[in-house]
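**Student:** For reference, the chains in residue letters:
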Amino acid sequence: MADRITNYQCPACTGPLHFDPTSGKLVCEYCGSSYEVSEIEALYAEKDEAAAAAQAARAEESAPEGSPWSEAEAAGLKVYNCPSCGAELICDSTTAASSCPYCGNPAIVPGELSGALRPDWVIPFKLTKEQAIQALKNHYRKKPLLPRLFSSQNHLEEIKGVYAPFWLCDGEAAGTAVFSAEKVRRWTEGKYDVTETSHYECVRSGSLRFSRIPVDSSTKMPDEHMDAIEPFDYSELKPFSTAYLPGYMADKYDVDAQTAEERARKRAEQSTVSAMEATVTGFSGVRTKSTDLEYRRTGLHYALLPVWLLSTRWNDRVYLFSVNGQTGRLVGDLPISKGRLCAWLFGIWGVVAVAALLLQAAHIF
Amino acid sequence: MKKRIFSLLAALLLSVSLFAALALNAAADSERQLPLVCDAYGLLTEEEDEALNQSAETYSAMYECDIIVVVVSDTEGYNVEDYTEAVYQQFDYGWGEEKSGVILLLSMEERDYDLAAYGYGNVAFTDYGKAWLMDDVLPFLGDDDWYGGFNKYIDLCADYLRQAREGNPVDYYGKDDPWDEPVRRQGFYVTAPMVLMSLIIGLIPAGITVLVMRGKMKSARLQTRADSYLDSELQLTERSDRFLNKTTTRVRRSDDSGSRSGGGHGTSVRSSGFSHHSGKF
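Line order of the protein sequences matches chains E and V. The working numbering applies: residue 1 is where the first sequence begins, and numbers increase by one. The working numbering applies: residue 1001 is where the second sequence begins, and numbers increase by one.
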């Protein structure tokens, strides 16, 4: 049975509202009215709750004894009706916000972002779609190894603004690191060069606190991309409201907090060892000998962070680019033209080698 | 007889402190005070002395650069190189305005020799050339074959000067083995080692540039650290640096007192205007 999903409608004309990253307001495409997020939130608070309750009730009916996110359910698909045109929307179970492929109206799936699944924070989009596309165009510039036809032949296959789910991990790494260090002294004794190396063992114990290490909690998003578009400016974190979502996709997490925290732990420990190593001073060489650190969770938050995903197809391969929807930082691997690579390699090699040969032949060096 | 007079004169002049004879130097202008081959120790017979002087005079005039041999009993406590410079200057050796010349001085008591060049001599007798020349002369001196040694020396000097005047002074021109025959400068030429060296030199910047360009094409990477999310300074509870042990290595320095100074090319000229090659015979 198809569930009903909700969208935010303009209080003036009932047209669908979109979140506008430039003004930070909800805007009606039809009558041009704009509303503060808080206004719409207040207006829809009751409606949201009712819809979520209905969704939860249905979920219980279909899976009476399982948890709301049993494995079977996570792997399955869900079917909804578009509130605008009535079309049937098939989403995968992690989709929390999307738009109708038929009428283009933004739609928010009730229940996916409420209760235990309700994010603590959200950073609203600041970068528009056009700015994201421009960022990609800029990315192609000054790339001598990029195949010439790549930027001209390929066209954007898909561009979507996604509120990507992240766990923000607070924690403290504490423990001991042992470093081996050296001091080197050199002098000459008659016909000999003498090198004296003094070896030391340096022990550092201590702790370092971290706040809100972001960990990508959606398996749909590549971890390398989500790591590389960091950092987000946390000063713009807002208490979560679905009113920021219309017009964008949103996913709910499918990587549990414990798995995510494992990645945060590794990063925190690595930073702690580096900070300890930085206190081993006055030596000419320092090497990490052993570490014994423990990571302790001091807080865990769930947040939706804005990401533009752009994909292009070229030579039957899909190239994915991610743009930080707040800072505009873009990452994505580009194809390398073997011809251009060889041309540059042999070109520079040839020119320098010929120049060197001429200089040698003329006895200049 | 003539030889004896010269020898006596030389011994007398040399025994006077060389550094106090500036006035004498100023008085003498173009007139040479001592013969080009001045054997104050009596190593040569009169005939040998005359023959050597004659060939030295001939070649000196031909190439406008004095070819000089001076034999003394000792250097009066001076360093052999300083002593050679003093002899050269005090007795007004050197051809023309430039005072060009090459001098081989033997100090018999310490068996020290110094081969020094001045003026145009510095062009014709490079560091490498000097070392090469002495390699040919020293076997004679080591066997006390003085005439043979000086004769060889004068012939070689003439040969070096001829090549220098032709624009190709004897020098080290980048052959693999500095102990090989010195390569005479032949203008523009290319050898296999040069090509190999050029290819290696070219590969380094080409490789680095392409690797940097390739690196720019990949931007998606996992983060391994969390430095941007620090919430506190590092709170250290223990900090100790414990000394474990000391290791010492001794490496013999590369011997730089060898008779040859292969490797570079050109002439190392002192601020006095002289270049030297000295050692024991």
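Watch out, some of these pointers could steer you wrong.
[Stated by the list, open to error] Have a look at the derived ranges for each label pair, beta carbon to beta carbon: (1) E/193 to V/1047: 47 to 57 Å; (2) V/1249 to E/288: 52 to 62 Å; (3) V/1062 to E/196: 52 to 62 Å; (4) V/1239 to E/196: 17 to 27 Å; (5) E/355 to V/1247: 17 to 27 Å; (6) E/133 to V/1222: 37 to 47 Å; (7) E/85 to V/1212: 45 to 55 Å; (8) E/196 to V/1166: 50 to 60 Å; (9) E/289 to V/1077: 53 to 63 Å; (10) E/278 to V/1205: 44 to 54 Å; (11) E/193 to V/1227: 33 to 43 Å; (12) E/185 to V/1266: 29 to 39 Å.
These are computed hints drawn from the structure, not numbers from a lab. As the structure is a computational prediction, the values presented were derived from the model and not from experiment. Virtual Cβ for every residue (Gly too), placed ideally from N, Cα, C.
**Student:** Compare the structure with each hint and give your call.
**Tutor:** Structure-based check of all given hints:
Here the CB-CB span from residue 193 of chain E to residue 1047 of chain V is close to 53 Å, well matched to the stated 47 to 57 Å. Distance hint for residue 1249 of chain V and residue 288 of chain E: a CB-CB separation of about 25 Å, inconsistent with the stated range 52 to 62 Å. Distance hint check for residue 1062 of chain V and residue 196 of chain E: the Cβ-Cβ separation is about 59 Å, which falls inside the suggested range of 52 to 62 Å. Residue 1239 of chain V and residue 196 of chain E have their C-beta atoms about 25 Å apart, which keeps the hinted 17 to 27 Å range intact.
Restraint check, residue 355 of chain E to residue 1247 of chain V: a C-beta distance of roughly 45 Å breaks the suggested window 17 to 27 Å. The hint said 37 to 47 Å for the Cβ distance between residue 133 of chain E and residue 1222 of chain V, and at roughly 26 Å that hint is violated. Separation of residue 85 of chain E from residue 1212 of chain V is about 52 Å and conforms to the stated range, judged on CB atoms against 45 to 55 Å. At roughly 54 Å, the beta carbons of residue 196 of chain E and residue 1166 of chain V sit within the given window of 50 to 60 Å.
Range check, residue 289 of chain E to residue 1077 of chain V: about 60 Å between beta-carbon atoms, so the 53 to 63 Å window is met. Between residue 278 of chain E and residue 1205 of chain V the C-beta distance comes to about 34 Å, which lies outside the given range of 44 to 54 Å. Against the hinted window of 33 to 43 Å, the Cβ-Cβ separation of residue 193 of chain E and residue 1227 of chain V comes to about 40 Å, which satisfies the hint. Residue 185 of chain E and residue 1266 of chain V have their C-beta atoms about 36 Å apart, which keeps the hinted 29 to 39 Å range intact.
Consistency with the previously given hints fails for numbers 2, 5, 6 and 10, ordered from lowest to highest.
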